[in-house]
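*Asks:* The primary structure of each chain is shown beneath.
2 protein chains.
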Amino acid sequence: MVEPVGNHYVVARPVYSENLFNEEHEKLHRHHKTFWDHLKQYFCCSPQKVKKIALGLFPIISWLPAYRFKEWILSDIVSGLNTGLVAVLQGLAFALLVNVPPGYGLYAAFFPNLVYFIFGTSRHISVGPFPVLSLMVGATVVRLVPDDIAGNGTSMNISAINEERVMVAATVTFLSGVFQLLLGILQFGFIVIYLSQSLISGFTTAAAVHVLVSQLKFMLQLSVPGFNTPFGIIYTLESVFSQISDTNIADLVTSLIVLLIVFVVKEMNDRYKAKLPAPIPIELLVTVLAALISYYVNLEEKYNVAVIGQLEEGFQVPVAPDAGILQKCVGDSISIAIVGFAVAFSVAKVYSIKYDYPIDGNQELIAFGLGNILGGSFKGFASSTALSRSGVQESTGGKTQIAGIISAGIVLIVIVAIGFLLAPLQKSVLASLALGNLKGMLMQFKEVGILWRKDKYDCVIWVTTFLAAVFLGLDIGLATAVAFQLLTVVIRSQFPSCTILANVGRSDIYRNRKDYTDIYEPEGVKIFRCSSPIFFANIEFFREKLITAVGFNPLRVLRKRNKALRKIRKMLKKGELQVTPKGLICMANYIYESDEELDNNRIEELDQPTNMTDLPIQIDWGAELPPGITVPWVDIHSIILDFSSVSFLDFSAMRVLQKTLKEFVRINIDIYIAGAHEGFLDKLESCAFFDEEIKPSMLFLTIHDAVLHILMKKDLATSPKLKLTEERWSSNNGAITISNGLRSRQGTVRLLFQVAALQLKETAPRAAQGNC
Amino acid sequence: MVEPVGNHYVVARPVYSENLFNEEHEKLHRHHKTFWDHLKQYFCCSPQKVKKIALGLFPIISWLPAYRFKEWILSDIVSGLNTGLVAVLQGLAFALLVNVPPGYGLYAAFFPNLVYFIFGTSRHISVGPFPVLSLMVGATVVRLVPDDIAGNGTSMNISAINEERVMVAATVTFLSGVFQLLLGILQFGFIVIYLSQSLISGFTTAAAVHVLVSQLKFMLQLSVPGFNTPFGIIYTLESVFSQISDTNIADLVTSLIVLLIVFVVKEMNDRYKAKLPAPIPIELLVTVLAALISYYVNLEEKYNVAVIGQLEEGFQVPVAPDAGILQKCVGDSISIAIVGFAVAFSVAKVYSIKYDYPIDGNQELIAFGLGNILGGSFKGFASSTALSRSGVQESTGGKTQIAGIISAGIVLIVIVAIGFLLAPLQKSVLASLALGNLKGMLMQFKEVGILWRKDKYDCVIWVTTFLAAVFLGLDIGLATAVAFQLLTVVIRSQFPSCTILANVGRSDIYRNRKDYTDIYEPEGVKIFRCSSPIFFANIEFFREKLITAVGFNPLRVLRKRNKALRKIRKMLKKGELQVTPKGLICMANYIYESDEELDNNRIEELDQPTNMTDLPIQIDWGAELPPGITVPWVDIHSIILDFSSVSFLDFSAMRVLQKTLKEFVRINIDIYIAGAHEGFLDKLESCAFFDEEIKPSMLFLTIHDAVLHILMKKDLATSPKLKLTEERWSSNNGAITISNGLRSRQGTVRLLFQVAALQLKETAPRAAQGNC
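Protein sequence lines correspond, in order, to chains C and H.
Take my numbering: the last position of the first sequence gets the number 772, and nothing is skipped along the way.
Take my numbering: the last position of the second sequence gets the number 772, and nothing is skipped along the way.
Misleading hints may appear alongside valid ones.
Given that identical chains are not distinguished, each listed pair holds provided it fits within a single copy or across any two copies.
[Stated by the list, open to error] Below, in silico cross-link-like pairs of lysine-lysine (BS3-like), each with a Cα-Cα straight-line distance of 30 Å or less:
#1 456 - 695
#2 328 - 273
#3 695 - 446
#4 683 - 446
#5 683 - 545
Because the hints were derived from the structure by calculation, they are not lab data.
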């Protein structure tokens, strides 16, 4: 039994090679599912499974009948009203980011909610426009319908352009919905895991910068063409600053005032969170106030400010997406689909953990996909969820998506009835309100310093993502960032720390020999540790490090030995060497001759194992050789490779590893692999790794097992006649190590231990009492 | 000392936590170089370093003065002559792949050789055109100057188009040379490691398929437009088969005869390799014969076959690359630069290993870069090395690049003097000769089956690379394949095998508990092993697996406990519960009430550690609770995480891990991390991983150390009064395990061992002799 001995670690067992261990401890034969089994299971069909899938597809069937009407309806209504008002304002504001008339933002806030009510699995997120996503749609819109055509714009021209832009936004939304739906059906919900926290943080910060820059034109009332090429942000800024003298002062002043108010009140909301019954709805107040002022002062005519103007009343007839546009925005749609889903899912997850209910990534994809398809058909633009709006829905007491559907009702009322009230609102007010939400995202800049101190790679990912997304644009930037991030995983594994280990403290612990003074290295043994998986990208690195660690290139040594053998054969033939019982004796005075030129066919022979069967004597490469014959001095006889961190080994790596090990084996160096994970032996066997030179018996359970095996083997080799004449028990640093330099059958030793144990049984209490 | 005891593994030492081990074994303070140190060292300048760099830049300075003129010059001349003839033929044949007049292939075979002679580090490769690379250049050429413009071609029109095509080929070659030069200067020679064997194999097979398809039009003499869009290969085949009835029978017959002869003779060359003094130069023989027949039979006029025609005589004046074309072929140039280098480097490496001399990847990049810049300026196309031609150069005795420069001389002679002799040669003969070299590449299809059995991932990489390169084109295909390959590395680590371990054989060995019958799991302890690095893409997977393994969600348990506490407080307040020495006693009959609704602010409280300081009694969650209060039953008290395979942990993962561990700690489960690699503790400390709840003392050296620590702690907890009353030594399966259920100071145990050792010293020989 494993039982503690005070604070001591006491173990005595046979030295286990992998083979011996498997012999002594029978392994259960387990059936491991193959790829096909998994596939079959996945596609097998049973009534239960169908029912489960159907229920999963319509989560509303599960939650609506269980709705606790009395308890929940009131808070859902309150939450729905609040969220609805925020949704209206955000819809209008984010429509500016899309570069379409503000009214279309209301459609984006309305339709997806209806779908999510039926298909969504999160109870707390508020579905609708999201600034980053709006900006991404906006970028596509501007690329396909650029401003500069409108440069000489009459009002007629502008409305035509707007119509085209709405069409592009709707089409790209539709297409991204299709992608989301497909991903959901194909169960690709797991893709979000490739967006790490650092990447999302860098990306949203970059998006905030884009929002900031794109809102400048509304705040200053300048006509800035859109640029959606790489480095577009620089062109935009250039364009803004070149016309800065044309700024509309009234808009600028309004923007600054609104920004100031919003920031101050939001700061207060944060600071006095605990004391306030609910956050001050500052956006709503500012909007109402600004609309009233604008209407009564008649800002539009007096100061020539840009106002929202007449909203589209009611709904537009649904349209089929334009095939021509579809082709041009495939790439954009994919990135919009992924970013939209990733943002919504991460927000939904926060609430699912907080309130402890399950959400399903694939079902969320389906819900957002259908939502965007519907929204796109009705000329809305891509929706996801805004963190701020979901925060409102949850903090004002929303319990289920009933709150969501009520907020959609509010949006509906604005669309069909009271939209005209917003007509006099300045666009610059909306722009400022959109900017007011960016503070949190921009504050993420602080993370760079923290990350640099904690993990250089994560920091580099953040910075790369940010720079790529700012300068290359959000879509190309995202792709670049993801590719870069995958590369960092490879790079992290690619330059593993390869160290030479030594025994520390004379027990079974092996550590980097450079780190400790109290170390013991068995003579002629190198213990080499590679601390990462080994695969195509680092196997050469591994090989080089191993060769550096042992201090010689095995292939070169092998060739020199084979060359020496050829020479010896030649000399024996010529009679220049004579075989005596003491070894080879040189009969002729040796005259230096240059290395013979080898022809190309014979060079391969040098890579074969040294063959001495035709020689009358075995040559000991470590002993003195006949004059004129030299081979490199090899001072080790065994190498132990610690593979405990090698979590996988690919086929390319295996080939090179096999070749390298073979080179060592051919110059009579024993190779041991210690600590390999379970299944490693089977894997190697199935790949035909083993042959006559490389045998499965090289695998040992731990480094210490391998070291003991080597010591015993060497002991036997050096003193074959010694037989049970010496036993030493030495006690060192609280550790018993037993040493006897001989071959003893297992039974002998076992008996020996039993006797020792009996003796101790009597002795120990006395000794212990004496100390207490 | 570590010495073997027969075949036994005997260890006794203190139980080591990471902290205790570091206390007992002083760690040397080593200065680890920072990022900036490396940078400084890299850019520091010394006269030696400058000299070394200069010598490295011109390898010829090192090898030419050491040239053994007498020994080597003859074989170099023989090799040069042979290689030169092959180079001429291949130059002409591969020019067809580029879609330029054959004569330009000679420039590609000439100029880069001059540069490589000075700058190259390999002694055996033959620099010049390479079919895959020619094909890649050809794809660009066809894209920028499509055939269909030439559809209605007069001879005038065709020559204009040819001129333009030559210009495109030269420009893309020039640009790829610039990229190679840049990569070489920036020391990016390591990029080749990202091209794994499976990837290169799949890619070259795909290239062979492209070559095959592209040569059809010459073999059948059809005018097929070039398609360089994704799926271009399908369009090409469609075009070929739609006009198959227009085949020129004379060309088809010639092609088939040539192909047959070449295949048979090459097969014979292979089979009788040992017996033949040199391979039969079948290409040369066929060419001479075909040219003679064509000239005397006058095939061109009689059968309307396409012949090479008049070659450009002499050299063209060098031209500056066309800026307009440059812009359009940046992507192609990058892939040509990388593929060209990768192929040449891998061939060079084979010879460098065979003949044991160093080659330098970065210097090779510089050599090929300069070669392509020069070649492009003189209207050549991209060069690398052809495996077959390098084989000729090496097997006919080439020792140094002197052979290369001689082969360039042969090409020069053909260019300036005897090119007219080749004029009557049929293009279909050249096409067949090019195809004759593909057999080896196409045979690589066999690898798919082998790879599938040995490593599924490598097989998938091969197939993906092949399909991508065939259908998407070589450039996009290569990029896709590399990205996919990086993804596989991530995926391999992404779904680590997470297993629950148990003690096997009652010693210090822990294995998957499902695999063995003879297992021992300490009560209440879970040993969990994750066999891969943990990073953003698998941390959630790790968390889920851990929760599944322990059987409960710690956060949920914590919340239930906190809810139960609230209820108990309420009941105590109401007097429904009374505190007695035996525990809490319920005074009221319990009436069921539904779970109280929690308002949103209070839900966070539930995630805090359970706080019982205000209660008059500590609550034992395992004992019976007052009626109506239930908490989930937790049957474990300790979790050991085996981190020996976790080669790195990124910052995203660390955050989630910290949160997860905290959840366990808050429900009073002890967490231990065992076997973490060196430096792990420092890393965690620098990332502020530890706090009041998660302490560095959780790290133990091995699983067994942690298990012993837990057993001792639990022993103390369950029998606090037991004091040095019992010692047991039990012997089991050849292993000593010592157990005593008590607190004993280290000194006591040490003495105990010393006494035991002394006793054994006397006893052992007797016992051993008795057995011998």
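*Asks:* At most 30 Å between C-alpha atoms: does residue 695 with residue 446 qualify within a copy, between copies, both, or neither?
*Replies:* between (55 Å within a copy, 27 Å between copies)
*Asks:* Since the copies are identical, ignore which copy is meant and state whether residue 328 and residue 273 lie within 30 Å (CA to CA) inside a copy, between copies, both or neither.
*Replies:* neither (47 Å within a copy, 57 Å between copies)
*Asks:* Given identical chains, is residue 683 near residue 446, meaning Cα to Cα at most 30 Å, within a copy, between copies, both, or neither?
*Replies:* between (47 Å within a copy, 21 Å between copies)
*Asks:* At most 30 Å between alpha carbons: which applies to residue 456 and residue 695, within, between, both or neither?
*Replies:* between (42 Å within a copy, 24 Å between copies)
*Asks:* Within, between, both or neither: how does the pair residue 683, residue 545 come out at a Cα-Cα threshold of 30 Å?
*Replies:* Classified as both; 24 Å inside a copy, 24 Å across copies.
Violated hint for the displayed structure: number 2, the only one.
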